[in-house]
Each structure stands twice: as C-alpha cells, then as structure tokens.
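Knowing the structure of chain A, use the given hints to seat chain B on it.
As given, the protein sequences belong to chains A and B, one line each in that order. Letter by letter, the first sequence follows residues 1 to 112 of the working numbering. Letter by letter, the second sequence follows residues 113 to 226 of the working numbering.
These are calculated hints, taken from the structure and not from any lab test.
Derived lysine to aspartate or glutamate pairs resembling DMTMM-like cross-links, with alpha carbons at most 20 Å apart:
id	chain 1	residue 1	chain 2	residue 2
1	A	Lys26	B	Glu171
2	B	Lys183	B	Glu164
3	A	Lys56	B	Glu214
4	A	Lys70	A	Glu55
Label pairs and their calculated CB-CB ranges:
id	chain 1	residue 1	chain 2	residue 2	range
5	B	Thr117	A	Arg54	33 to 41 Å
6	B	Val162	A	Gly40	23 to 31 Å
7	B	Thr117	A	His57	30 to 38 Å
8	A	Gln14	B	Lys182	43 to 51 Å
Computed far set for chain B versus chain A, every beta-carbon distance over 12 Å:
id	residue
9	Gly165
10	Leu181
11	Ser192
The beta-carbon is built from N, C-alpha and C at its ideal position, and this holds for glycine as well.
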Amino acid sequence: SQQGEEDPQALSIQEGENATMNCSYKTSINNLQWYRQNSGRGLVHLILIRSNEREKHSGRLRVTLDTSKKSSSLLITASRAADTASYFCATPTPSNNNDMRFGAGTRLTVKP
Amino acid sequence: NAGVTQTPKFRVLKTGQSMTLLCAQDMNHEYMYWYRQDPGMGLRLIHYSVGEGTTAKGEVPDGYNVSRLKKQNFLLGLESAAPSQTSVYFCASSYGQGSYNEQFFGPGTRLTVL
Chain A
1 SQQGEEDPQA
11 LSIQEGENAT
21 MNCSYKTSIN
31 NLQWYRQNSG
41 RGLVHLILIR
51 SNEREKHSGR
61 LRVTLDTSKK
71 SSSLLITASR
81 AADTASYFCA
91 TPTPSNNNDM
101 RFGAGTRLTV
111 KP
Chain B
113 NAGVTQTPKF
123 RVLKTGQSMT
133 LLCAQDMNHE
143 YMYWYRQDPG
153 MGLRLIHYSV
163 GEGTTAKGEV
173 PDGYNVSRLK
183 KQNFLLGLES
193 AAPSQTSVYF
203 CASSYGQGSY
213 NEQFFGPGTR
223 LTVL
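Next up, chain A with everything else stripped away, as it sits in the complex (with noise of 0.2 Å):
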C-alpha cells in the first residue's frame, strides 16, 4: 500500500513561475526523501529531510516537512523547461527501513 501520496496529480506552469508539490503520508517516519523522474528514466534522488528538521534547501529546491500534519512540500522556484518531470516523495514503511514506498507522483509540465 501506498505510504505517501502527492498532490496534484499535475502540475502545469509557465517558465520562471514557482512550482509547489504536496506530499502527504500516513505514518510516523524517520525521514522523506523527493526523487525526480524524466520521461522514460530513472528516478535521481532530490533531496531527505530527517523528522528533526522543518525546512531544507538545495538550489533553486525548497523542501518541508510537518511531522504534526504528516505531510511535505517541495517547492521549485523559478522554474525552467527542464524542470519539466514526475515528482515522488518516499516514505519507510513503519516496520522496515529498506522498504521504501513511493507515491504516485506529480506531473510537473513547465511551458517555455
């Protein structure tokens, strides 16, 4: 079963807008991870944030946890074509911290 779930389901924006993605969760965990996934490729991984920590930045990358609401965000600012992918926030199920769960994503579509 899904741990995690995003919202929207899809996203779509224009060049230079903010892009902000939800991720909400069922259980408590010890982190979250985002992943990005072009169009017929692998997931790379974006960014973990421990339990302990309210925000993290990477880049232009904004992430978001609140342990209290069980959720994520993951903004994007200034956004570019290439930032143009499916999002997925991963959660470890309860019981096991190898078995991650993957939600089912949100498709970002930025237009030039």
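Then chain B, alone, in the frame of chain A:
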C-alpha cells in the same frame, strides 16, 4: 563510473516464459533493490538485498525470485511470466539503508507479457 545499469532495456515475453533481468552497480553499494512501476501507482518494492548473499521480500514479491551472488550484481527472475507482470522494472542501489540514504536508480527495463 557507469552507476547502475540494467539489462535488457526492453523485452517481450509470452505467458509462461521465463527470463532474468540483470542489474549491476559499480559504486560498491551494499544495498540493492528491485522495483516495478505501473501507471498511476508509483514504485513498488519487489525484493531487496542488504549485502552479498542476502535477499529479502518487499511489498510485491510473488512471482519473482532474486539472487545476489556478487556484491555488484542483483538478478531478478520471472519463472513463469504472466500478463500482470507487464511493467517497467527499476533496479536501485544505496550505500546504506534505503530510508536513510540516497538510492541510485538504473534506467529501467520495459517488460511486456503477452
């Protein structure tokens, strides 16, 4: 440094046929994983390995077997393929436990079972 590679990239099988998917990594990672990705469902873990000679079941292990005879290789086998196994299969590896470490993914194998 090739990272994670998968062989083959595409394959079409008939129901009942068998095949093996090969995953190789050159990063000296202990942990390796096999996932399947179906439309609208994200990735689901099939089997994983925490080191050479070890394997464990993931979320959807039925119909698949795995082996990790060498640290750098992780094989996924389908003994008797079924149409429900039509999917894109991804291999991944990580230095440590998946939840605490970045996973590196291969490019995927697109499998169609007729």
